[in-house]
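Asks: Place chain B on chain A using the hints.
From first to last, the protein sequence lines stand for chains A and B.
full-length UniProt numbering applies: residue 1 is where the first sequence begins, and numbers increase by one.
full-length UniProt numbering applies: residue 1 is where the second sequence begins, and numbers increase by one.
It is worth saying that the hints were derived from the structure and are not from the lab.
One or more hints might be untrue.
[What the hints assert, rightly or not] In silico negatives: residues of chain B with every beta carbon more than 10 Å from chain A:
#1 S63
#2 Y97
#3 D302
[To be verified] What follows is a set of in silico ranges between Cβ atoms, one per label pair, in the way DEER data are often shown:
#4 T350(B) with L165(A): 38 to 44 Å
#5 T317(B) with S6(A): 50 to 56 Å
#6 R65(B) with L326(A): 35 to 41 Å
Glycine included, C-beta positions come from ideal geometry on N, C-alpha and C.
2 protein chains.
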Amino acid sequence: MSTDESQARAQLIDLAAQFYDQFELGEIPHMEVPTRSKSNIELDEEANVWVYGDRTSTRSANSVRGARKLLKAVFTIEFLANQLEEDRSSTLRELYYLSESWDNEEAQFNDQDESNGLVEDLEIVSGVTREDFHMRPEESGAKVMGPLHIREQTKRGDRDIHCQLDVGQGGYQIPNNPDTIEFLDHDAEFVLCVETGGMRDRLVENGFDEEYDTIIVHLGGQPARATRRLTKRFHDELDLPVVVFTDGDPWSYRIFGSVAYGSIKSAHLSEYLATPEAQFIGIQPADIVEYDLPTDPLSDSDVNALENELTDPRFQTDYWKEQIELQLEIGKKAEQQALASRGLDFVTDTYLPERLEEMGVL
Amino acid sequence: MSTDESQARAQLIDLAAQFYDQFELGEIPHMEVPTRSKSNIELDEEANVWVYGDRTSTRSANSVRGARKLLKAVFTIEFLANQLEEDRSSTLRELYYLSESWDNEEAQFNDQDESNGLVEDLEIVSGVTREDFHMRPEESGAKVMGPLHIREQTKRGDRDIHCQLDVGQGGYQIPNNPDTIEFLDHDAEFVLCVETGGMRDRLVENGFDEEYDTIIVHLGGQPARATRRLTKRFHDELDLPVVVFTDGDPWSYRIFGSVAYGSIKSAHLSEYLATPEAQFIGIQPADIVEYDLPTDPLSDSDVNALENELTDPRFQTDYWKEQIELQLEIGKKAEQQALASRGLDFVTDTYLPERLEEMGVL
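For reference, chain A alone in the conformation it holds in the complex (with noise of 0.2 Å):
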């Protein structure tokens, strides 16, 4: 086991411990976790991100129903705790399989969102994230193109990839964990994460990751965990600027949140997983505008979704407010791909190197 592991695994015991602590006290077993519901999320004005507030609940053996949860905690974390022994990994749904083969029939889940609820109370509670209990998500990491050389940690021995020159026209494929790369060597100037496979196809043909040393990141429509981690990664151990490009709407300026503050859902892992000084590129409405872009109508779920925006706490800057009223008043949407209308070499040689200089990244 690597240190890591064997701390997540330390931390798990010590979970399982106190409730032996708890038993000797004379105590009825419980465990406190924050409560997760929307009001107890806030946003962290200093780092910017999201985190819980304050209030707790406690999930307490003093009911059949309290008991059984906990007794299934203490069949999960046994589990995890032999994964990590076994340097073995597990996605959430084989979890939840996995449980039917439990000889207590108590412990066993009865629906995977109370499995997967269960894991992220103990990744609360623990402070140790999925990634370092070997759970492994399934959706699949995207793909990076650039002038980077790591180092990937697999069960196979160790892999030294050049991210352009040992990789085909598709990439490198980011592993679940990319916490098992180490970054070797790079030239790269800034990153530059990629809504649609369409574009990133684009700037890897146009050469654009060669000519502006640019570490392509491709999100592939809401980006996995796995690409936000590696992309806040990029930002904080290689000290490179993170710039965000998607379509010109509403559901595309989410997916820059995303990667910038984190989401709701996973508050709990914000500061593992967001990039607050990642900054928005384009589409803007502005650029609708300035550069003419074919469009198409806004339609009622995306004018909702827009207001909805606009008292958003990620989205309380000037800036956005600015091109948020703008979208709403022109009425209109545009793709990445829309750039096309000025000619396939548009937006390397014209729109992302005038935008990146407006925003003092080149």
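Replies: Frame of chain A; chain B shown alone:
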């Protein structure tokens, strides 16, 4: 330009040349394409894939609407021919947007359905695939792990990659056009296509590809064209059996169907994309009974889909009839990962080896 590219380009120019010939003969320019309705699609009994029937439709300039269609075709042919000459590529969406930059407004597309449909017409009439026009899909291909050494021709030079030794845990990312891949060497005994990411990761973690000399192809739900094309090439060029491993429900049987027989939507590509020799390994309804797997009840739409499959020409075999009737009888479905209820190694130690032996693959 490679031979393939010159040939694709020549076939496009031929199409345009036909219009000149027709003009010279005093004919109204026209183009003949197979009728692309469901009633003109049939299962080729011999090759066991979907193909178009004998009915054709004529696109003729004898109406303003028809003339406009041919005008768009000519502009698109010119764009594609230039693209091939410059060794560039683009997505279907870029083509649609790009048409806004054409100086003849009549040639611009009204919506993306129109440009997509035209590119499909050109594929069918010229006998050249979209990939050979250098039209990239929006969807990415999935990933490969196994004892296979390939050379990928990229814009940046050739890349020699061993799909176990030179890649991380995530595997080798299939490029948009897998015909840029040359197979150098391999020790594989068979190809295993896997529906879900969670199961793909389980097999890789358990070293199944190493122990059984397997090329593991991640399908990622309904497989992308690139994934199906590469699977077919593994079968045809390396002479490897292909088995498909999905969830045990009617939607997953369709995933198997699209690997094996192609889809109605792309009947003209069956020869290029479908692997009729592919075999279904499971989850079979019989497995649900035999291994007593955790299940969910069939929903109404599941039952409908199963009943449709009973009359679908692709599933008219004794094997599929028996399995589908059994499933309707037990009224249950199961996921791949439900095998974890027997322990995390059950799938690689017991289930797959047993099934592969039954099927004569091992």
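Asks: Could you see if the CB distance from T350(B) to L165(A) stays within 38 to 44 Å?
Replies: Distance hint for T350(B), L165(A) holds at roughly 42 Å.
Asks: Minimum C-beta separation from D302(B) to chain A exceeding 10 Å: can you confirm that?
Replies: The claim stands: D302(B) keeps its Cβ more than 10 Å from every Cβ of chain A (closest is about 18 Å).
Asks: Take the C-beta atom of T317(B) and the C-beta atom of S6(A), compute their distance, and say whether it sits inside 50 to 56 Å.
Replies: holds (54 Å)
Asks: Between R65(B) and L326(A), is the Cβ distance one that fits in 35 to 41 Å?
Replies: holds (38 Å)
Asks: Is it correct that the beta-carbon of Y97(B) has no partner in chain A closer than or equal to 10 Å?
Replies: Check fails; 4 Å does not lie beyond 10 Å.
Asks: Once the closest CB in chain A is found, is it more than 10 Å from S63(B)?
Replies: holds (27 Å)
The structure fails to meet hint 2 from the earlier list, while all remaining hints are met.
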